[in-house]
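A.B. asks: Please work from the sequences and hints to get the whole structure.
Given next are the chains, with one letter for each unit.
Number of protein chains: 2
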Amino acid sequence: MSATKKQRTQPPYELLYWPSIPGRGEFIRLVFEATHTPYTDTANESKDGIQAVLACKDEQLTRDDDGNPPAFAPPALRIPGEGKGGKSLVLYQTPSILSYLGGRLGLAGADEVEAHWILSHALTALDLNNEVHDTHHPTAIAKYYEDQKEEALKKAEDFRDVRLPKFLGFFERVLKGNEEEGKGKYLVGGKLSYADTTLWHVLSGLKFAFPKELEAREEEFPTLFGIFYSSVQGEKGIKEYLVSDRRKPFSMGIFRHYPELDRQ
Amino acid sequence: MSATKKQRTQPPYELLYWPSIPGRGEFIRLVFEATHTPYTDTANESKDGIQAVLACKDEQLTRDDDGNPPAFAPPALRIPGEGKGGKSLVLYQTPSILSYLGGRLGLAGADEVEAHWILSHALTALDLNNEVHDTHHPTAIAKYYEDQKEEALKKAEDFRDVRLPKFLGFFERVLKGNEEEGKGKYLVGGKLSYADTTLWHVLSGLKFAFPKELEAREEEFPTLFGIFYSSVQGEKGIKEYLVSDRRKPFSMGIFRHYPELDRQ
Chain A
1 MSATKKQRTQ PPYELLYWPS IPGRGEFIRL VFEATHTPYT DTANESKDGI QAVLACKDEQ
61 LTRDDDGNPP AFAPPALRIP GEGKGGKSLV LYQTPSILSY LGGRLGLAGA DEVEAHWILS
121 HALTALDLNN EVHDTHHPTA IAKYYEDQKE EALKKAEDFR DVRLPKFLGF FERVLKGNEE
181 EGKGKYLVGG KLSYADTTLW HVLSGLKFAF PKELEAREEE FPTLFGIFYS SVQGEKGIKE
241 YLVSDRRKPF SMGIFRHYPE LDRQ
Chain B
1 MSATKKQRTQ PPYELLYWPS IPGRGEFIRL VFEATHTPYT DTANESKDGI QAVLACKDEQ
61 LTRDDDGNPP AFAPPALRIP GEGKGGKSLV LYQTPSILSY LGGRLGLAGA DEVEAHWILS
121 HALTALDLNN EVHDTHHPTA IAKYYEDQKE EALKKAEDFR DVRLPKFLGF FERVLKGNEE
181 EGKGKYLVGG KLSYADTTLW HVLSGLKFAF PKELEAREEE FPTLFGIFYS SVQGEKGIKE
241 YLVSDRRKPF SMGIFRHYPE LDRQ
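As you go down the protein sequences, you meet chains A and B in turn. Note that UniProt numbering gives residue 24 to position 24 of the first sequence, counting from 1, and the numbers run on in steps of one. Note that UniProt numbering gives residue 89 to position 89 of the second sequence, counting from 1, and the numbers run on in steps of one.
Hints in this document: simulated from the structure, not taken from any laboratory. Check the hints yourself; a few may be wrong.
Unchecked claim - Listed next, the in silico DSBU-like pairs over lysine-lysine satisfying Cα-Cα at most 30 Å (straight line): (1) B:LYS143 <-> B:LYS176; (2) A:LYS143 <-> B:LYS236; (3) A:LYS87 <-> B:LYS176; (4) B:LYS236 <-> B:LYS207; (5) A:LYS57 <-> B:LYS166; (6) B:LYS212 <-> A:LYS143; (7) A:LYS154 <-> B:LYS176; (8) A:LYS143 <-> B:LYS143; (9) B:LYS166 <-> A:LYS143; (10) A:LYS176 <-> A:LYS207; (11) A:LYS166 <-> A:LYS149; (12) A:LYS236 <-> A:LYS248; (13) A:LYS207 <-> A:LYS166.
It should be emphasised that the depicted structure is a prediction, and the values quoted were computed from it without experimental measurement.
C.D. replies: Shown next, in the form of structure tokens:
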């Protein structure tokens with residue numbers, strides 16, 4: 001299928017997520033970008049686009065005009081024409097959106113077995129993502145880092161010493177186990193999946209947030225950092241995206257660089 | 001389809017999870033029990049069953065003899081005959097296992113739209129489950145509660161005051177939005193799904209861990225506690241399960257009753 005045909009047959013996907021940061025919306029953006037699929041990033045593309053983000057998570061909402069349930073939190077994805085009775089479908093929860101898009105955009109493996117392994121590995125990468133968030137917000141999500149800094153120092157130490165090597169070691173082993181087909185480039189099978197793009201983004205965020213820790217650990221995980229990371233980064237759609245102004249820099253979102261939380 | 005026929009056509013599902021506690025394995029048990037589907041709970045049913053649990057998450061494992069990737073952590077599900085080339089399939093990550101079984105056991109809604117809403121709501125209930133775990137282990141998963149009690153007091157206060165009402169309010173609204181079809185008994189559509197069983201178990205755990213907080217809040221969420229909770233608990237398969245010795249009591253797992261973390 002030509003790129004033009006593909007673009008024409010895709011529905012007008014609309015990502016509803018906070019503007020200006022990568023955040024959890026980035027996992028959704030990457031599957032669109034990796035497959036050259038057109039999408040609207042509503043809050044980044046129009047000044048009042050954030051209203052649509054706020055509307056889908058409105059704490060008075062029980063269902064929207066198209067019969068969709070409310071979203072607990074962004075990201076959400078709106079897909080005109082794909083909901084009940086031909087109305088708009090709204091999905092929330094990153095893994096649910098990824099599994100929906102994965103099947104449609106060719107990022108969910110060669111068969112149902114691979115599709116479920118891909119979902120499992122993406123969930124594990126997202127668990128790692130959540131644990132990174134908790135390093136700077138260990139006791140209260142809605143309060144300032146400065147108000148929980150003492151706890152954050154403890155949490156970050158445990159994360160660096162115990163949790164991070166456990167996750168990285170796991171993904172190194174998954175890549176090793178799939179080496180025959182995946183050549184160290186793919187977690188499952190012989191082609192790119194949303195598990196790969198999801199893990200890649202978490203690793204890129206870790207390099208930003210904990211540069212010293214990651215540098216010190218890179219050689220412990222040679223497949224992950226020597227092959228996988230640069231391979232996913234070099235995928236055509238990803239490579240083009242990363243030099244575009246659509247890729248937002250890390251700042252004060254999930255991945256934050258507080259030198260005191262990094263390896264000392 | 002008669003129950004006998006159904007039982008005969010299901011593969012011999014094998015749950016791999018820690019023995020003696022409900023834990024994350026409980027979400028998987030509940031979908032089997034709600035549908036009267038036979039399964040083996042390996043570590044609870046045989047003395048050395050725990051070896052199979054340890055084997056699937058062995059930190060040297062890159063892939064098993066049937067070509068399955070390692071599990072990051074239990075629960076895992078082994079399904080003989082459903083893997084690559086007719087070998088055993090092993091899946092890990094609770095939401096991935098639930099989405100696999102949901103489709104096969106009739107707990108994933110009436111169509112693909114409902115299947116994705118169900119996955120999204122189950123993921124949100126599991127996020128709540130994780131936040132409960134973090135109330136007693138805010139800074140180090142592998143250390144004792146007693147070594148992080150000061151931080152736990154702060155985390156639990158934030159959980160009770162901010163996070164818990166946000167989650168409960170969300171599910172109350174989802175039930176309200178689906179009232180026409182679901183009558184307050186189901187989160188999505190007009191029949192039981194794995195989102196319902198998953199949320200129900202988290203609520204049952206919350207009642208154990210934070211009895212005062214839950215009692216004080218019940219009337220704020222009349223559909224959730226007045227209709228949904230007792231309705232799911234009364235589903236035939238669930239009801240039978242809860243009085244069996246297969247239902248393990250809450251103890252020192254995810255849901256723990258520390259009076260000092262409850263409402264004072």
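A.B. asks: Output the numbers, in ascending order, of every earlier hint that fails for this structure.
C.D. replies: As far as the earlier hints go, 1, 2, 7 are violated by this structure, in ascending order.
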